[in-house]
Structure formats: structure tokens, C-alpha cells
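Number of protein chains: 4
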Amino acid sequence: MRVSVVGAQGRMGSHVVAAVEAAEDMQLALQVDSSDDLTQVSPENTDVAVDFTVPDVTLDNVLTLIKQGVNVVVGTTGWNDDKLAQVREALAQAPRKDQAVFIAPNFAISAVLADYFAGIAAPYFESAEVIEAHHPNKLDAPSGTAVHTAHTIAQARRQADCAPMPDATVGNEPSRGDVVDGVHVHAVRLRGLNAHEEILLGNPGEQMIIRSDCFDRASFMPGVLLACRKVGEHPGLTVGLDQFLDL
Amino acid sequence: MRVSVVGAQGRMGSHVVAAVEAAEDMQLALQVDSSDDLTQVSPENTDVAVDFTVPDVTLDNVLTLIKQGVNVVVGTTGWNDDKLAQVREALAQAPRKDQAVFIAPNFAISAVLADYFAGIAAPYFESAEVIEAHHPNKLDAPSGTAVHTAHTIAQARRQADCAPMPDATVGNEPSRGDVVDGVHVHAVRLRGLNAHEEILLGNPGEQMIIRSDCFDRASFMPGVLLACRKVGEHPGLTVGLDQFLDL
Amino acid sequence: MRVSVVGAQGRMGSHVVAAVEAAEDMQLALQVDSSDDLTQVSPENTDVAVDFTVPDVTLDNVLTLIKQGVNVVVGTTGWNDDKLAQVREALAQAPRKDQAVFIAPNFAISAVLADYFAGIAAPYFESAEVIEAHHPNKLDAPSGTAVHTAHTIAQARRQADCAPMPDATVGNEPSRGDVVDGVHVHAVRLRGLNAHEEILLGNPGEQMIIRSDCFDRASFMPGVLLACRKVGEHPGLTVGLDQFLDL
Amino acid sequence: MRVSVVGAQGRMGSHVVAAVEAAEDMQLALQVDSSDDLTQVSPENTDVAVDFTVPDVTLDNVLTLIKQGVNVVVGTTGWNDDKLAQVREALAQAPRKDQAVFIAPNFAISAVLADYFAGIAAPYFESAEVIEAHHPNKLDAPSGTAVHTAHTIAQARRQADCAPMPDATVGNEPSRGDVVDGVHVHAVRLRGLNAHEEILLGNPGEQMIIRSDCFDRASFMPGVLLACRKVGEHPGLTVGLDQFLDL
Chain A
0 MRVSVVGAQG RMGSHVVAAV EAAEDMQLAL QVDSSDDLTQ VSPENTDVAV
50 DFTVPDVTLD NVLTLIKQGV NVVVGTTGWN DDKLAQVREA LAQAPRKDQA
100 VFIAPNFAIS AVLADYFAGI AAPYFESAEV IEAHHPNKLD APSGTAVHTA
150 HTIAQARRQA DCAPMPDATV GNEPSRGDVV DGVHVHAVRL RGLNAHEEIL
200 LGNPGEQMII RSDCFDRASF MPGVLLACRK VGEHPGLTVG LDQFLDL
Chain B
0 MRVSVVGAQG RMGSHVVAAV EAAEDMQLAL QVDSSDDLTQ VSPENTDVAV
50 DFTVPDVTLD NVLTLIKQGV NVVVGTTGWN DDKLAQVREA LAQAPRKDQA
100 VFIAPNFAIS AVLADYFAGI AAPYFESAEV IEAHHPNKLD APSGTAVHTA
150 HTIAQARRQA DCAPMPDATV GNEPSRGDVV DGVHVHAVRL RGLNAHEEIL
200 LGNPGEQMII RSDCFDRASF MPGVLLACRK VGEHPGLTVG LDQFLDL
Chain C
0 MRVSVVGAQG RMGSHVVAAV EAAEDMQLAL QVDSSDDLTQ VSPENTDVAV
50 DFTVPDVTLD NVLTLIKQGV NVVVGTTGWN DDKLAQVREA LAQAPRKDQA
100 VFIAPNFAIS AVLADYFAGI AAPYFESAEV IEAHHPNKLD APSGTAVHTA
150 HTIAQARRQA DCAPMPDATV GNEPSRGDVV DGVHVHAVRL RGLNAHEEIL
200 LGNPGEQMII RSDCFDRASF MPGVLLACRK VGEHPGLTVG LDQFLDL
Chain D
0 MRVSVVGAQG RMGSHVVAAV EAAEDMQLAL QVDSSDDLTQ VSPENTDVAV
50 DFTVPDVTLD NVLTLIKQGV NVVVGTTGWN DDKLAQVREA LAQAPRKDQA
100 VFIAPNFAIS AVLADYFAGI AAPYFESAEV IEAHHPNKLD APSGTAVHTA
150 HTIAQARRQA DCAPMPDATV GNEPSRGDVV DGVHVHAVRL RGLNAHEEIL
200 LGNPGEQMII RSDCFDRASF MPGVLLACRK VGEHPGLTVG LDQFLDL
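Protein chains in written order, with numbering that gives the first Met the number 0: chain A, 0 to 246; chain B, 0 to 246; chain C, 0 to 246; chain D, 0 to 246.
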């Protein structure tokens with residue numbers, strides 16, 4: 000499998016280059032950066048192109064790569080419904096009928112699985128809360144991943160007609176954190192950490208903890224490689240790494 | 000739902016009595032102990048009988064209850080293939096065609112889910128180890144639950160053709176614990192703990208932790224009540240609480 | 000050592016009775032409850048009286064026991080500066096010159112040590128946050144213990160002239176929890192838990208976690224017995240179990 | 000403070016160079032590697048020299064630097080009593096009377112504090128076990144740090160005349176791990192981890208956990224900088240970072 004990397008000199012891109020070079024079943028094709036011509040990437044040299052650039056240019060990159068006839072794996076953030084619609088439209092008019100684009104907001108397998116497991120487990124417990132912890136340079140709180148997990152928990156509990164979670168706390172105490180879709184979410188900011196999420200579930204006499212630790216960018220590489228291997232089997236647009244895991 | 004408890008004065012049985020009394024959709028029918036006549040329990044007074052007695056008598060109890068025509072939920076341990084075969088045979092000749100018996104080695108929902116999640120996650124990680132921790136009065140090590148989880152992990156990895164786990168440790172160091180089906184299992188014995196299991200999974204730059212804490216016998220009650228509610232929908236013999244969860 | 004228990008039928012008192020009976024170096028003297036005459040307790044039958052009653056009566060109990068000439072260990076809450084002053088005054092006029100009273104807000108050794116360790120460690124780390132977790136019937140949040148630990152951390156950092164903790168979070172996000180004396184404090188409420196505290200400390204590439212888990216009231220008994228053994232060596236009024244540990 | 004780095008191009012040395020450059024109160028003096036002349040380092044250009052080289056050459060480096068009249072901080076491993084004696088002798092004949100050498104087997108403040116706290120806490124608990132976890136390329140198990148902590152716990156318990164730890168495990172089960180000075184030590188090897196240690200302490204109804212996580216080499220830098228700042232205040236040979244913390 001020949002993999003080209005778009006944004007190859009970026010923080011994530013350089014990790015992808017190294018990961019592709021280390022993978023026995025992959026071959027590093029082209030390394031493309033903002034000053035390079037993206038139309039070099041073509042079926043002659045590339046099976047899958049990986050885009051880790053910036054929100055401003057990623058849509059144009061993907062549209063160009065579709066026209067070039069190669070499959071695309073995208074890790075750049077900033078996608079919305081409108082942009083996704085443009086990708087779907089471009090795919091409908093793509094050179095190959097089975098052409099595929101895959102976009103994921105989070106490539107860490109542990110984080111994707113934690114979210115999935117939280118949804119399965121939540122209806123079986125009376126209580127559920129989410130604690131996320133990140134490096135102190137992070138601007139937003141709580142993390143998008145924690146917000147997603149809170150919605151996953153809430154939706155699973157609604158579908159199962161769960162009773163409201165017990166909480167005798169008097170007043171709206173700030174220590175109880177944010178409440179996202181009925182689920183308490185706490186955000187820790189600590190020097191030395193990177194990106195971590197813990198889901199706590201409780202029943203009488205019993206606790207379940209599901210935890211994901213992403214210590215550095217290397218944590219995204221198994222998910223990126225997995226996406227490169229699987230994207231060809233899923234023509235059209237796919238969003239979310241959970242779609243490529245056998246869940 | 001009318002629930003009778005066999006072994007009602009035992010350590011687990013007394014918890015079941017309390018849990019049934021507290022459940023809004025249940026009614027405590029008979030409390031039976033070793034000096035009582037088990038044939039009091041019948042469809043006139045009981046929908047489900049729960050047996051928490053001792054390995055020596057539980058088979059006879061179950062066979063009697065089948066003849067009496069009531070469904071049975073069993074938490075007593077010590078079952079083997081021969082005993083299970085006798086239960087199946089008795090069910091084939093039971094008064095009611097849809098009669099049901101349910102037997103579980105572990106009623107803690109967190110432990111059952113942890114084992115299930117470990118099986119799903121294991122193929123996606125390079126490394127997996129199990130740490131179980133119990134009170135220091137426990138005679139055996141590692142726990143049956145940890146051994147079961149090690150097999151679950153090993154089987155999932157075999158089916159996915161995973162590479163062997165990395166481990167450069169020189170020699171057979173005792174600190175590396177037991178190796179069950181290729182999975183390292185560690186057992187901690189600590190005053191104050193009850194029954195705990197932690198599954199650690201690792202990839203480059205990434206860790207996933209799945210943890211179950213059973214602080215006391217109350218932790219088994221949600222599983223027992225769930226089994227009472229579900230057993231009637233599963234005629235015949237069912238083994239393992241995972242069968243009654245929507246997994 | 001002869002120990003009498005005041006409030007012997009209460010939730011904590013009954014645990015103290017059992018713990019004293021199980022201690023090889025102790026003898027259970029009198030069990031006193033609200034309907035009993037407290038002046039039965041005297042040096043003829045008692046070396047130490049333990050009071051686990053209610054805030055409304057504990058001051059009167061202690062003043063009476065001082066007059067009776069016995070040492071006192073108090074676990075009842077609700078003390079303030081005025082009440083403590085009355086105890087000191089009574090001790091000054093006590094029958095014995097070396098008479099001793101010990102009052103502790105928390106008898107869990109792990110909680111007392113966690114607070115002490117947090118104070119030592121805090122100046123060596125850039126970041127520190129506190130997460131406490133309790134059963135969902137608790138009315139207040141955060142716990143008094145977590146508030147105390149936040150102050151311990153803040154004071155230690157002030158004395159060491161530490162720089163402010165790094166935190167780039169934009170705005171006053173509720174997920175960041177309460178801020179007690181400059182330290183972020185998070186409160187989890189989860190069915191199945193009892194009383195837990197975790198202190199997280201972070202430096203570049205490094206994290207330290209100090210954690211106390213009190214699973215049930217038994218967790219207070221080692222501290223109560225320790226206090227009974229030590230109170231006689233500390234004439235006058237002593238407040239806080241840390242005073243009796245060799246720290 | 001002018002700091003020279005010996006072994007500046009090595010894995011640790013290059014981190015020290017970066018850390019010194021980033022420290023406001025420090026100035027990077029010389030960067031010396033194996034092909035460079037170590038006698039360039041002198042009081043004219045250097046207040047403290049930091050040696051992160053290899054066991055074979057570190058003793059010679061330190062002896063040379065003592066003769067040169069500069070203070071030395073050493074992070075290279077492989078020291079024994081004989082080598083330490085040679086350092087002491089050289090210091091006795093050093094150009095400056097107040098000359099100082101500091102050697103530490105572990106510069107991670109969290110690991111040093113964890114060991115120290117374990118020694119304080121151990122006598123107050125019935126049970127204590129150590130779990131260390133490292134990357135799977137590590138050759139030895141258990142880690143030197145975990146062995147040190149086991150000895151710290153054992154010695155503290157001996158001094159306090161503690162009863163043996165409770166453990167009903169029948170037979171010498173491998174899952175119970177290694178037994179170092181009477182303390183059970185478990186070693187986990189997991190891809191994605193770096194160097195982690197957890198000390199578990201248990202009493203009836205209560206657990207205490209002290210944990211150190213070193214995610215990468217950056218975790219040693221606060222300890223190295225601390226040693227550079229403190230070494231001048233401690234003439235002679237000092238071993239162990241705990242000597243420079245206000246414990």
C-alpha cells in the first residue's frame with residue numbers, strides 16, 4: 000500500500016511519515032506540503048493520501064485529491080455539515096466509482112473505544128460521570144471528546160428509559176462541574192498530561208472505570224494506519240474511526 | 000414478580016432478601032433455609048426462586064425447583080459440565096415447556112462488562128495485562144474472574160491474528176506474575192479491598208484501562224435482580240450474566 | 000486499656016464497640032447512650048472514653064467526662080473555636096493535671112496522610128488539583144476534607160513562593176470545578192462510592208497521584224484506636240489525627 | 000548560574016541542554032561530548048557541570064571535574080561503594096574546600112517523593128504492595144526504583160514493629176509476584192508506558208495509593224535543575240535527590 004502524506008512537515012504529518020515508513024505493509028509515496036503541487040498525487044504513485052493540514056485548506060485538499068482519483072484519510076479538524084456535503088457531492092462525480100474518503104475527529108483507538116463502551120455500559124448503572132484531563136495549554140474546557148462521551152451516555156440512558164441519576168447535592172455547586180446533556184463533566188488541567196478521559200459508572204457496592212490515556216501524538220498513529228488499510232473497503236464518505244473497528 | 004429466596008439466611012441470601020424487598024417491581028415470597036421444605040415453593044406463590052446456598056446442595060435444590068415448576072436463578076458456585084447436563088435433562092422433562100434456569104459465576108455487572116470489553120479491545124492493542132486485587136483472606140490466586148478475562152483476551156487476539164505481545168524482560172522474573180494463556184496476570188492482596196479487576200491495554204503513546212470494583216456483596220444485587228426479570232424470557236438453561244445484557 | 004463508648008448504639012459508636020472488643024490491648028468498659036447516666040464513667044472503670052454522639056450534646060458530654068477525670072477521644076463533628084475554648088478551660092480546672100482530650104474531624108489515616116503528603120509535595124510541582132468522590136446522598140460539595148486539602152496545598156505553595164499554576168482555559172468554564180484558595184476542586188457523586196479523595200500533581204513529563212479511599216466506617220477504626228492509645232501521652236486539648244502520627 | 004553539560008548530545012544530555020536554556024536563572028556554558036577535552040570546563044566558565052554519560056566513563060569525568068574545581072551533578076548510573084569512595088577521596092583533596100558532587104539514581108521528583116511517602120505511611124497500614132509499570136523494551140524486572148521502595152516499606156515496618164502482612168494465599172502462586180524484603184512487587188510491561196510506580200496500602204475499609212508517572216525524559220529535568228541550584232549549598236558528596244528536598 001502506497002501512502003502519500005499531505006502536510007508532511009506538520010506536527011502530526013511528520014508522525015504519519017514516520018509511522019508509514021515503519022509499517023511493513025506500507026510504502027511512503029509522496030510528502031506534500033503547502034508549497035507543493037497537490038496534483039502530483041495520483042493513482043500512479045499513491046493508493047491513499049493522508050491529510051493532516053489546517054482547517055482552512057483541508058476541504059480544498061480533499062476535493063483536489065478526489066479529482067485526482069485517490070482515496071483520502073483526513074485527520075484535520077474543522078469539518079461541518081456543509082463541508083461534508085461538498086465532499087459527498089465530489090465523490091458522486093469522482094473518476095472511480097468506489098472512491099473513498101474517511102474523516103475522523105479522533106484517531107486514538109482507546110478514546111474511540113472508551114466512548115463506545117460508555118454507551119454500552121451506561122444503562123446498567125445508576126450513576127455516570129466523565130473526568131477529562133489535559134495539558135494546561137488547552138484553551139477550551141471540557142474537551143470535545145468528553146462532550147461527545149457525555150452525549151453518548153445520555154442517549155444510551157434515554158433509550159433504556161433509565162431513571163435520573165441520584166444526586167442530593169444542595170444548590171448548584173461549582174465543584175460538581177459542567178452538566179452536558181444531564182451528565183456531569185469535570186476538566187482537569189495539569190502540566191505533564193496530554194489528553195486523558197475517564198468514565199466513572201456506579202451501582203450499589205460497585206464501580207466501573209473506563210479510561211483512555213493519550214500520552215503523545217504517537218497514540219494517533221495506529222488509528223491512522225488502520226484507516227489507511229480500511230478506507231478502500233468503504234467507498235463514499237465515512238466519518239468516525241468507530242466505523243472501521245469491528246464493533 | 001414474586002421472588003422466593005433459597006438460602007435466605009446466608010451471607011448472599013440475606014442481601015437478596017433485602018434487594019427484593021427494596022425493588023418496586025418485586026415481591027418477596029418465601030424465605031427458605033436448609034431446615035425448611037423446598038417443596039413449599041410452587042407456582043402458586045413464586046415466579047422465580049433464587050438459590051444462594053452451597054455447592055453440595057445446589058444441584059438438588061435446582062432439580063427440585065424444576066419439578067415444582069418455577070424458574071430458577073442460581074448464584075451458588077461449584078458447577079461443572081456433568082451437573083449442568085443434569086439440569087438440562089430435568090428441564091427437558093419439566094412440568095412447563097418454557098421453564099428456565101439461569102446460572103452465573105459472577106453477578107457483578109461491572110465485572111461481566113469488563114470481561115466483554117476486554118475481548119473487544121484486545122485485538123486493537125499491542126500489549127494487554129490483567130491486575131486483580133482482593134482482600135487478603137482469599138485462598139486462591141489469581142481469581143477465577145481474572146483467569147477468565149485472560150482467556151477472553153487471548154482468544155480475541157488469536158482470532159485477529161495478533162502478533163505476540165512485546166516483552167524484552169530477560170529471564171522468567173517472578174515480578175512479571177502468572178502467564179495465563181499468554182497473558183500476564185498479577186494478583187494483589189490488600190486489607191480493605193474486596194474484589195477488583197483492572198485490564199491494561201497499550202499501544203505506542205496510548206493506554207486503555209478497563210476497571211471493575213466490587214466493594215461489597217451489594218454489588219451483586221443489580222445483576223441478581225436483572226436475572227430474575229430476564230430469566231422467564233429465556234426458556235432452558237442459560238449460563239453467564241453476559242447472556243442477559245444487550246451486548 | 001479500658002475504653003468506654005459514649006453513643007455506643009449509634010452508627011459509628013457500634014463500630015467502635017466492635018473495634019475495641021477486637022483489639023488485643025483494649026478492654027471494652029461501659030457502653031453509654033443518651034438515656035444512660037454519663038457519670039457512671041469514671042477512673043474506676045475507664046481509662047479513655049470515646050464520644051461519637053451528635054453535635055448538640057458532645058460539648059456537654061466532654062465537659063462532664065473531664066469532671067469525671069477520664070481522658071476523652073471525640074469523633075463527633077460540629078466543633079468551633081468557642082466550644083474548643085470551653086474544653087480548654089475545663090481542662091485547666093480538671094481533677095488530674097495531665098488530663099487529655101483529643102478531637103478529630105477525620106479519623107481515616109489515609110485521608111490524614113494524603114492531606115499531609117499533599118502539603119509536602121505541592122511546592123515541587125507546577126500544577127495541583129483535587130478530585131473528591133462520594134456517595135450521591137451527600138448534601139454538600141466539595142467535601143470538608145477536599146477543602147482542607149486545597150488550603151494545605153495553597154499554603155505550602157505560598158510559603159515556597161511558587162508561581163501561579165498554568166491554565167490557558169478561556170473564560171470561567173464550569174467544567175473546571177470550584178476554585179478553593181486558588182486550587183481547582185472537583186466533586187464526583189457516584190452510587191457505590193463512599194468517601195474518596197485524589198490529589199493530582201503535575202510537572203513537565205511527570206505526574207504524582209496521592210489517593211485516599213474510605214470504603215466504609217471501618218476505615219475510621221484504626222485511627223480511633225490509635226487515638227485511644229496516644230491520648231494519654233498528650234495532656235490538654237489536641238485537635239487533628241496528624242498530631243498523633245509520627246510525621 | 001552557568002551550567003555545562005557533559006554528554007550533551009546524548010538522550011538525557013540533550014534534554015538537559017534544553018532545560019538549562021529554558022531556565023530563567025541559568026545560562027548554558029559548555030556542551031561537552033566524548034570527543035571533547037573535559038578540562039575546558041573550569042570555574043572561569045562554569046558553576047555546575049552536569050554529567051549524563053555512560054557508566055564506563057562517569058567516574059573519570061567526575062574525578063577530572065573535581066580537579067578542575069567545579070561542582071558536579073551526576074545522573075549517570077552504575078555507581079557502587081568503591082566508586083563513591085574514590086569521589087569522596089578526590090573531594091578531600093579538591094582545589095576548593097566547599098566543592099560539591101551530587102549523584103542521584105532517579106531525578107524524577109514524583110518517584111523520589113513516592114518512595115519517601117511510602118516509608119512514612121507503611122507502618123500505619125496492615126498491607127502494602129508495589130506495582131511498577133514500564134515500556135516493554137526494559138530488560139530487567141522489577142525496576143530498581145520498585146526494589147528500593149520495597150526496602151523502604153520493609154524497613155519502616157520493621158522499625159515500627161509491625162505485624163506481618165495478612166495473606167491467606169495457599170502455595171507460592173506466581174500471580175502474587177516477586178517478594179522483595181517481604182513486600183510483594185509486581186511488574187507490568189506495556190507498550191505506550193514509560194516509567195510508573197504505584198504503592199498500594201490497605202487497612203480495614205480503607206486504601207491509600209501513592210503513584211508516580213514519568214511519561215518521558217522531561218520528567219527528570221525539574222530534578223536536575225533543582226540539583227544544580229542546591230549542589231553548591233552541600234559541600235562534599237551527596238547521594239539521592241531526597242537529600243535536596245525539604246523533607
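Calculated from the structure, these hints are not laboratory results.
For every residue, glycine included, the Cβ atom is placed at its ideal position computed from N, Cα and C.
Among these hints, one or two may not hold up.
Said to hold, decoys possible - Simulated coverage check for chain C against chain A, where a stretch passes if three residues somewhere in it have a Cβ under 8 Å from a Cβ of chain A:
#: 1; segment: 138-148
#: 2; segment: 182-191
#: 3; segment: 204-213
#: 4; segment: 216-225
Claimed, not checked - Output of the computed footprint for chain C on chain A, the stretches with three or more beta carbons under 8 Å from beta carbons of chain C:
#: 5; segment: 139-150
#: 6; segment: 170-184
#: 7; segment: 194-206
#: 8; segment: 228-234
How the hints compare with the structure:
1. 138-148: holds (count 5)
2. 182-191: holds (count 9)
3. 204-213: Coverage by chain A holds for the segment 204-213 of chain C (3 residues, Cβ < 8 Å).
4. 216-225: Coverage by chain A is violated for the segment 216-225 of chain C (0 residues, Cβ < 8 Å).
5. 139-150: holds (count 4)
6. 170-184: It holds: at least three residues are needed, and the segment 170-184 of chain A offers 9 whose Cβ sits within less than 8 Å of chain C.
7. 194-206: holds (count 8)
8. 228-234: violated (count 0)
Hints 4 and 8 from the earlier list are contradicted by this structure; the remaining hints agree with it.
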